[in-house]
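Start from the sequences, fold in the hints, and give me the full structure.
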Amino acid sequence: MENFMLILGKADNIPIIMMLFLFGFFIWLWWREAQKNDALISAGRYGELQAEGKDRIFTWPYLARNEFLAAILIMVILTVWSVVLDAPLEQPANPTKTPNPSKAPWYFLGLQEMLVYFDPWIAGVIYPTIIIVGLMAIPYIDKNPKGNGYYTWQERKFAISIFMFGFFALWIAMIFVGTFLRGPGWNFFAPWELWDPHKVVAMTNVDLHQLLGIRSSIGAFFFGGFLLTAYFSLGVLYYYLKKETEFIKKLGAARYGLLAFLFLCMMGLPIKMMLRWTLNIKYIWVTPWFNI
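For what it's worth, this note's numbering labels the leading residue of the sequence shown as 3, then goes sequentially.
It is worth saying that the hints were derived from the structure and are not from the lab. Some hints here could point you the wrong way.
Below, a list of computed lysine to any residue pairs in the SDA-like style, where the Cα atoms sit at most 20 Å apart [what the hints assert, rightly or not]:
(1) K12 to P193
(2) K148 to E35
(3) K105 to L196
(4) K274 to I164
(5) K105 to I124
(6) K201 to P101
(7) K159 to Y142
(8) K38 to G149
(9) K159 to P147
(10) K105 to R184
What follows is a set of in silico ranges between Cβ atoms, one per label pair, in the way DEER data are often shown [what the hints assert, rightly or not]:
(11) F23 to P141: 25 to 33 Å
(12) T61 to I29: 21 to 29 Å
(13) I220 to R34: 54 to 62 Å
(14) V82 to I29: 24 to 32 Å
(15) L213 to G49: 57 to 65 Å
(16) P63 to P97: 50 to 58 Å
These figures come from a predicted structure and were not determined experimentally. We put the CB at the ideal spot given by N, CA and C, even for glycine.
Right, here's the structure in full:
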């Protein structure tokens, strides 16, 4: 664990540790407030959530004063931080020597970790585009008016669950893995392992069609295409099974189609990760032009 503690203590990793603690604090704060509000809703006292309460203040001068004091406090913290901790600067770049491990900035390590499971055109282009489009589409997909202006879990279970899984499990967790558990050669190192630059891991990955005994390239093409088509058809099947429910009726076919597509794309990442970890699957669909 000594090596792991040294990694945690590096100047450029301290913000990540602080970020994790801040996330934990604000999740706890949200949950506490959400439980209070859900209790009021369950008791039929919904009007109290909209009433002018003691937690509401005028923007001027009270809110402006608090924000100004918070800005001063942040500047003091950043000043002390910059004086106490040395900047994580290294020697000038050497074109004849590649650092090992060669890592992206920490906020892009989630994308670099995705390169383990997908080709660059998916991990570096398609998935980031889907993430951006999905975030932009949220206000247009979500028609639930509840939860505006107050914290709640009871009235926003689906939206909150999806966001939590996507943000924490598929983004923050991958940043943590890429920062603290990926060492030389982008090999995985447990916290108690020393980062050995000479570590060699046997690559035993196979494509899914090879694992199932399909040897021809044509068979692999149609097999992988069928699997992906069947996977995305689950969204269509669910729509026809649940189209009479209130949720689907309010959402509408167009919004549901976009939501189902984004959700299935999101779930494709952990599915591919689990296939790599458990069965050493490299590709599900192999074609002459691209691989997935």
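Hints, verified against the model:
no.	hint	result
1	K12 to P193	15 Å, holds
2	K148 to E35	15 Å, holds
3	K105 to L196	18 Å, holds
4	K274 to I164	18 Å, holds
5	K105 to I124	19 Å, holds
6	K201 to P101	15 Å, holds
7	K159 to Y142	18 Å, holds
8	K38 to G149	13 Å, holds
9	K159 to P147	13 Å, holds
10	K105 to R184	9 Å, holds
11	F23 to P141: 25 to 33 Å	30 Å, holds
12	T61 to I29: 21 to 29 Å	27 Å, holds
13	I220 to R34: 54 to 62 Å	58 Å, holds
14	V82 to I29: 24 to 32 Å	27 Å, holds
15	L213 to G49: 57 to 65 Å	59 Å, holds
16	P63 to P97: 50 to 58 Å	56 Å, holds
Violated hints for the displayed structure: none, as all numbered hints are satisfied.
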